[in-house]
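Visitor: Please build the complex by placing chains B and C on the supplied structure of chain A, with the hints as guidance.
The residues making up each chain are set out below.
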Amino acid sequence: MSSLGLLDVAAGVLAVAGAVLLAVLVGLRVRRQVRQVRAERAAEPHRARLLALLCAEDDERAGILDTLAELDDHSWTALEPVAQVFLGKVTGQASSSLVELFERRGLAERAMSDLGREGRIRRARAAETLGQLRHQAAVGALLPLLRDADPDLRVVAARALGRMGDASAVPALLGALHGRFAVPPSVVVLALTALGPDSQPLVAEGLDASQPLVRAVAVEVLGAVGATAWAPRIALALTTDPHPEVQIRAARALGSLGAPQALEPLLDALGPDRPESLRAVAAGSLGRLGDPGVAGRLGELLGDPVPRVAATAARSMARLGQGGEWELRRVLGGIHGDRAARQAGAALAQAAISKGRARPAGDPTVET
Amino acid sequence: MAAVLVADDDIDIRNLVSYKLTHAGHDVIAAENGLAALKSVREHHVDLVLLDVRMPGMSGLDVCRELRADAATRALPVILLTARSQEADVETGFAAGADDYIVKPFSPRELISRVEAVLARLAR
Amino acid sequence: MRGALFPVPGHEVLIQVIHVTDAAILGYFLAINTAYLVLVLIAAGDFARHLRRAPFAGYDDIAASPFTLPVSVIVPAHNEEAGIVSAVEAMLLLRYPSFEVIVVDDGSTDATLERLTEAFDLTEVPYVVPGEVTARGEVESVHLPRGGAVPLLVARKRNGGKADALNLGIDLARYPLLCMVDADSILDPQALLAIAKPFADDPLHVVAAGGVVGVANGCTVLAGRIAQVRMPQRLLARIQTVEYLRAFLLGRTGWSRVGGLLVIAGAFGLFRRDAVVAIGGMDPDCLGEDAELVVRLHRHQREHHRDYRIVFVGEPISWSEAPETPLILGRQRRRWHRGLTEILLKHRRLIGNRRYGRVGMLALPFYVLFELLAPVVELSGLVLVPLGLLLGAVDLTFLWRFLLVAYGYAMVVSLAALVAEEYAFHRYPRWRDLGGALVGALAENIGYRQFTAWWRVRGMWDALRGAPQVWGAMSRRGFTVDTGDEDAR
Numbered sequence: 025m026s027s028l029g030l031l032d033v034a035a036g037v038l039a040v041a042g043a044v045l046l047a048v049l050v051g052l053r054v055r056r057q058v059r060q061v062r063a064e065r066a067a068e069p070h071r072a073r074l075l076a077l078l079c080a081e082d083d084e085r086a087g088i089l090d091t092l093a094e095l096d097d098h099s100w101t102a103l104e105p106v107a108q109v110f111l112g113k114v115t116g117q118a119s120s121s122l123v124e125l126f127e128r129r130g131l132a133e134r135a136m137s138d139l140g141r142e143g144r145i146r147r148a149r150a151a152e153t154l155g156q157l158r159h160q161a162a163v164g165a166l167l168p169l170l171r172d173a174d175p176d177l178r179v180v181a182a183r184a185l186g187r188m189g190d191a192s193a194v195p196a197l198l199g200a201l202h203g204r205f206a207v208p209p210s211v212v213v214l215a216l217t218a219l220g221p222d223s224q225p226l227v228a229e230g231l232d233a234s235q236p237l238v239r240a241v242a243v244e245v246l247g248a249v250g251a252t253a254w255a256p257r258i259a260l261a262l263t264t265d266p267h268p269e270v271q272i273r274a275a276r277a278l279g280s281l282g283a284p285q286a287l288e289p290l291l292d293a294l295g296p297d298r299p300e301s302l303r304a305v306a307a308g309s310l311g312r313l314g315d316p317g318v319a320g321r322l323g324e325l326l327g328d329p330v331p332r333v334a335a336t337a338a339r340s341m342a343r344l345g346q347g348g349e350w351e352l353r354r355v356l357g358g359i360h361g362d363r364a365a366r367q368a369g370a371a372l373a374q375a376a377i378s379k380g381r382a383r384p385a386g387d388p389t390v391e392t
Numbered sequence: 199m200a201a202v203l204v205a206d207d208d209i210d211i212r213n214l215v216s217y218k219l220t221h222a223g224h225d226v227i228a229a230e231n232g233l234a235a236l237k238s239v240r241e242h243h244v245d246l247v248l249l250d251v252r253m254p255g256m257s258g259l260d261v262c263r264e265l266r267a268d269a270a271t272r273a274l275p276v277i278l279l280t281a282r283s284q285e286a287d288v289e290t291g292f293a294a295g296a297d298d299y300i301v302k303p304f305s306p307r308e309l310i311s312r313v314e315a316v317l318a319r320l321a322r
Numbered sequence: 013m014r015g016a017l018f019p020v021p022g023h024e025v026l027i028q029v030i031h032v033t034d035a036a037i038l039g040y041f042l043a044i045n046t047a048y049l050v051l052v053l054i055a056a057g058d059f060a061r062h063l064r065r066a067p068f069a070g071y072d073d074i075a076a077s078p079f080t081l082p083v084s085v086i087v088p089a090h091n092e093e094a095g096i097v098s099a100v101e102a103m104l105l106l107r108y109p110s111f112e113v114i115v116v117d118d119g120s121t122d123a124t125l126e127r128l129t130e131a132f133d134l135t136e137v138p139y140v141v142p143g144e145v146t147a148r149g150e151v152e153s154v155h156l157p158r159g160g161a162v163p164l165l166v167a168r169k170r171n172g173g174k175a176d177a178l179n180l181g182i183d184l185a186r187y188p189l190l191c192m193v194d195a196d197s198i199l200d201p202q203a204l205l206a207i208a209k210p211f212a213d214d215p216l217h218v219v220a221a222g223g224v225v226g227v228a229n230g231c232t233v234l235a236g237r238i239a240q241v242r243m244p245q246r247l248l249a250r251i252q253t254v255e256y257l258r259a260f261l262l263g264r265t266g267w268s269r270v271g272g273l274l275v276i277a278g279a280f281g282l283f284r285r286d287a288v289v290a291i292g293g294m295d296p297d298c299l300g301e302d303a304e305l306v307v308r309l310h311r312h313q314r315e316h317h318r319d320y321r322i323v324f325v326g327e328p329i330s331w332s333e334a335p336e337t338p339l340i341l342g343r344q345r346r347r348w349h350r351g352l353t354e355i356l357l358k359h360r361r362l363i364g365n366r367r368y369g370r371v372g373m374l375a376l377p378f379y380v381l382f383e384l385l386a387p388v389v390e391l392s393g394l395v396l397v398p399l400g401l402l403l404g405a406v407d408l409t410f411l412w413r414f415l416l417v418a419y420g421y422a423m424v425v426s427l428a429a430l431v432a433e434e435y436a437f438h439r440y441p442r443w444r445d446l447g448g449a450l451v452g453a454l455a456e457n458i459g460y461r462q463f464t465a466w467w468r469v470r471g472m473w474d475a476l477r478g479a480p481q482v483w484g485a486m487s488r489r490g491f492t493v494d495t496g497d498e499d500a501r
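If you read the sequences in order, they're chains A, B and C. 25 is the number of the first residue of the first sequence in this note's numbering; add one for each residue after it. 199 is the number of the first residue of the second sequence in this note's numbering; add one for each residue after it. 13 is the number of the first residue of the third sequence in this note's numbering; add one for each residue after it.
These are calculated hints, taken from the structure and not from any lab test. Since we're looking at a predicted model, the values are computed, not measured. Note that beta-carbon positions come from the ideal geometry of N, C-alpha and C, so glycine has one too. Take these hints with a grain of salt, some might be off.
[As the list claims (entries may be wrong)] What the simulated footprint calls covered on chain A by chain C, stretch by stretch (three residues with Cβ under 8 Å from a Cβ of chain C suffice, anywhere in the stretch; the number is not a length):
#: 1; segment: 37 to 45
#: 2; segment: 142 to 152
#: 3; segment: 179 to 192
Bound conformation, chain A alone:
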């Protein structure tokens, strides 16, 4: 074929491709708009009823629930996504009414059967729904999904298990941290913290695990849920655990637990032979413990060659009240040299400008 002929063929192919793409473009748009309008039209009359269910007093609740549960399929399909949005936005009776409505519409049942069917997307959606509904019966079916080959499905399963609040899932959640198909630690931590107090002994078993990541997560969870009973054990991890990441989590956890046993190990963790990140975290945790007795030791850190350690120590001292402030002024006076004095000056100035944040005294609703 001549080059002209080739060009003609190419031009023809392009023209057809262009026309097809244009048609697809318009088709997609029309289809979407039509669907949108239809869905809205179908959902509109029932929106108010849904709000009524969420806001219902005890006597009217059953009636509204019945009406919605018996809605024709077409209207329900349109209303379901609207209702699902509210699941994350309300608590209390409104939330239990919604869950009951979903149960009666067979949502949980459908999701349970989807969980066992083919297709990762379908299974992940089902797991998400079951989690939102806190459908306890699903725990057994969700556990094996923590080991699925699909990363998203594993994450959804972990999240759903966290919502169920069933402590028996703890070993599987901790186990999901390692291996070829693992769940990201932040997801596991969030799920474990959602499980409630019964789960704490099971989480604490993770402190003796052979994998450092499991120990680190166990430490972090116990610190986050305020499991003060385990503070001595976490303090031990800070001193003896061979892995620096576990030590760092332990130092942070001890800061939030505020246990007195934490003081000594935290002070030890400031030593110049310990890892930089650990020293910085330990300095921060000492500030959170609020014992002004450590101000002197923190003051020595203000001239530390590692800027992060020095700055954190300075900020921590500012949190120790009068004692800390007094020591900062001494450091500012130059007892530990110029560098330390500059850190002390900065911390004092920052503390001074944030004084305005004091809240009205005696308000019991605010946590510190």
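Guide: Below, chains B and C alone, put in the same frame as chain A:
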């Protein structure tokens, strides 16, 4: 019966709160951002303001401060709506002059009792 | 029918040369468009996958979790008095559990710092700069808001350019993730959540994530947030909208999937701080500092045999104003191309080097061949084809078919990009916007490409010659601001 202004950028929350308050016998004005909220307060009679903390542009805290700075609205009761992860906002909220706060997600029942408690405190 | 208008000695040889060159240019056009088409198709596949998984992406959990990694948002600012306050206000309202905003005022000569001071009740404090990354311009002052509740820090330094300003921001950042944002970027409220998700999903490997940049021209901005997405009125901006969609949204999504993402726009990107500190921050001597950082990250990670990922987040989340006059557009493209040339020169050792995996073997060669050289080929085509016509080597019937195929293919690729956008995001709701986009896709090939090619070649020349750098001056028209109130701040 009171006139309540609800400012939240989330339409679902606006609808839900409006429904609950209306059915409890209150008048509701809805605003979808901070500026619109301030405008409504100046143009209509309002007895109580429900403010979402995180709104685009002018946050609920800014609105609260503006209300406190203006003599005409200084005494207007304000309740903040705040997400669970942003409870640090609560501290700032009280500093800005808020009377109470509600953590999202919330139960509509709790919402109405908080609103009525604040209104009752005011009536005394 | 070929007759020479100007018979010259060695005519036959010349005609042969022109024939071969024309064929080569056509071949090049087909190759470049095919490469883009492949990227668009890969990206479309990725969108489809993403879209089906969106219902269980878990954004609400990330938004509420105290374990989500906190982010330091770094905003370099140079003479931004007009928009800096609303920009910072909008950033402070992003939906994310824990973050701080660091504004670095790079020696502004206007009232940037004064505006911030008024709006956020800032006060100057003594501050010890850590010095983990060094900025050349001296730090003049650090300012914090009174009351201590607003997570904002403003640092003023002597002028040293954008990269230098970012370096100070990186140094001051206290959190493990760094989000670098232009002061004039408009972010969607979900922006941080979306771009941080890869870091939560794959915390051991992801070191950087890029975000989509859309064209803000024509959109309505309400209180620092995009309220309605519209195609721009002006043709020049409309063309750029289509170009951004194709090259940035789909092109980069495609590269991310392949594992060879080389550019994260300075307008919106998220990085692991330790990884950035390990390579000493931004290179203040490189004009395309954003892309250079990414190439250097790849290089460092590969050289240290790390198993790492640099990814692109497809959801449309950040919006920037595109130039609306030819001169400013030209300057921008000149700057961009100069940056690209400098990066490729600086890291030429990586090109075609097996050691650097797909980055060295695939992405960088692609950039040299289809990005760096594209304007050169485009311009030589513009010279050679008419020359061939003049010398009688090419006739008109050939010429118009040639142009039709070369540019027609480019339009088909743009059209495919529009289809992918419509399928996955459909951010342009009006039919009129669709028409506007089609006009833009058509007009891109008539004049726009040739015009930008000229400026890009000049940028390349600047880099080769080593001309002095300047902060890109960009006069802004300002957005359509509808604040709903007469005394808009």
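Visitor: Please list, smallest to largest, the hint numbers that this structure does not respect.
Guide: When the structure is compared with the hints, none of them turns out to be violated.
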